[in-house]
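Based on the hints, put chain B in the right spot on chain A.
Residue strings, one per chain:
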Amino acid sequence: MKRLLLSLSLLASPMAALAHGGLTHVMGTVAAISPTEVDVNTTDGKLAKVVTEGSTKWMKGPSSITEAGVHTGDRVVIHAKPVNGKLVAVEVAVGTASH
Amino acid sequence: MRLLVGSFLLLLVLLASGAAAFTWYLRHAHAGVSARAQPTATEAALATAMRSAAIPAAVRNRTNPVPATPAALHEGMEHYADHCAVCHGNNGSGQTLLGAGMYPKPPDMRLQATQTKTDGELFGYIENGIRLSGMPAFSGAGGTEDESWKLVVFLRHLPQLSATEEQAMEHLNPKSPSELGEEKQEADFLNGGSH
Numbered sequence: 001m002k003r004l005l006l007s008l009s010l011l012a013s014p015m016a017a018l019a020h021g022g023l024t025h026v027m028g029t030v031a032a033i034s035p036t037e038v039d040v041n042t043t044d045g046k047l048a049k050v051v052t053e054g055s056t057k058w059m060k061g062p063s064s065i066t067e068a069g070v071h072t073g074d075r076v077v078i079h080a081k082p083v084n085g086k087l088v089a090v091e092v093a094v095g096t097a098s099h
Numbered sequence: 001m002r003l004l005v006g007s008f009l010l011l012l013v014l015l016a017s018g019a020a021a022f023t024w025y026l027r028h029a030h031a032g033v034s035a036r037a038q039p040t041a042t043e044a045a046l047a048t049a050m051r052s053a054a055i056p057a058a059v060r061n062r063t064n065p066v067p068a069t070p071a072a073l074h075e076g077m078e079h080y081a082d083h084c085a086v087c088h089g090n091n092g093s094g095q096t097l098l099g100a101g102m103y104p105k106p107p108d109m110r111l112q113a114t115q116t117k118t119d120g121e122l123f124g125y126i127e128n129g130i131r132l133s134g135m136p137a138f139s140g141a142g143g144t145e146d147e148s149w150k151l152v153v154f155l156r157h158l159p160q161l162s163a164t165e166e167q168a169m170e171h172l173n174p175k176s177p178s179e180l181g182e183e184k185q186e187a188d189f190l191n192g193g194s195h
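If you're matching them up, the sequences are chains A and B in order.
Residues 1 to 99 (the numbering used here) are what the first sequence spells out, left to right.
Residues 1 to 195 (the numbering used here) are what the second sequence spells out, left to right.
If you are wondering where the hints come from, they were derived from the structure by calculation, not from laboratory data.
Please note that the accuracy of each hint is not assured.
As the list claims (entries may be wrong) - Cut-off 25 Å, straight-line C-alpha distance, at most; resulting in silico cross-link-like pairs (DSS-like, lysine-lysine): (1) A:81 - A:49; (2) A:81 - B:117; (3) A:60 - A:49; (4) A:81 - A:57; (5) B:184 - A:81; (6) A:57 - B:184; (7) A:49 - A:86; (8) A:81 - A:60; (9) A:57 - A:46; (10) B:175 - A:57; (11) A:46 - B:184; (12) A:46 - A:81; (13) B:184 - A:60; (14) A:46 - A:86; (15) A:81 - B:175; (16) B:105 - B:117; (17) B:105 - B:184; (18) A:60 - B:105; (19) A:49 - B:184; (20) A:86 - A:57; (21) A:46 - A:60.
Quantities reported herein were computed from a predicted structural model and do not represent experimental measurements.
Bound conformation, chain A alone:
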């Protein structure tokens, strides 16, 4: 029985990682933004620092934008990959609602 459970857990583990496509999701409002970092007050009350780079995609609804289109207080959902203990943004989606 233990072997069966172990086998099932080993089979399930890659799917758990796949659930996010290997990316961490950060959801909240922008606390601060610089050319290399976005600080986010997350919906669970924490402060998350996410590094941005040239390859980071910036989106507002279906449209591509630039980093200049993101401001303090904006709602964002960031999909980021963990690299050397830091979160590096793959995509930053900005809220379409006015604030």
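This is chain B only, laid out in the frame that chain A set:
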């Protein structure tokens, strides 16, 4: 008689030595039997040659009966994003969570090694799979040959795949109920809903 027995014993010793050496190789020089390892150049060359030789000429020489129209390309892209991208990646690079853990790894299908194969070879791999690899056979799985040929149309397009097309494919990739729920939650949040 003595010579025969001696030869038999020598053969047994040689076989036992060979098995022991092979076991040692697997355990120490090849990271056990981990699928994370890369096949050696010799193994890859032999396997590729055998795989190529195993395809009947009648299949190899087939040309794609489906014209590379925008509609066929789009259908192939949709099918690929749904069935193939989990291992091969939307861009065909093979750089995926599952692909990285396979032995052998999925190839970068944008490169010449794949693109120089005939339409029939690519079609044959899709329909019949590739033994001793992670590539399953899709014939008999409810699809049609027409769908496989449209996949070949899309495979030929991989080297020219644009960033916009790749992004569009992300919406075609299969998602679990929890991922769909999470997407909805994120979309609601971005549209000003409560969280």
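Quiz item: Going through the earlier hints one by one, which of them does the structure break, listed in rising order?
Solution: 2, 17 and 18
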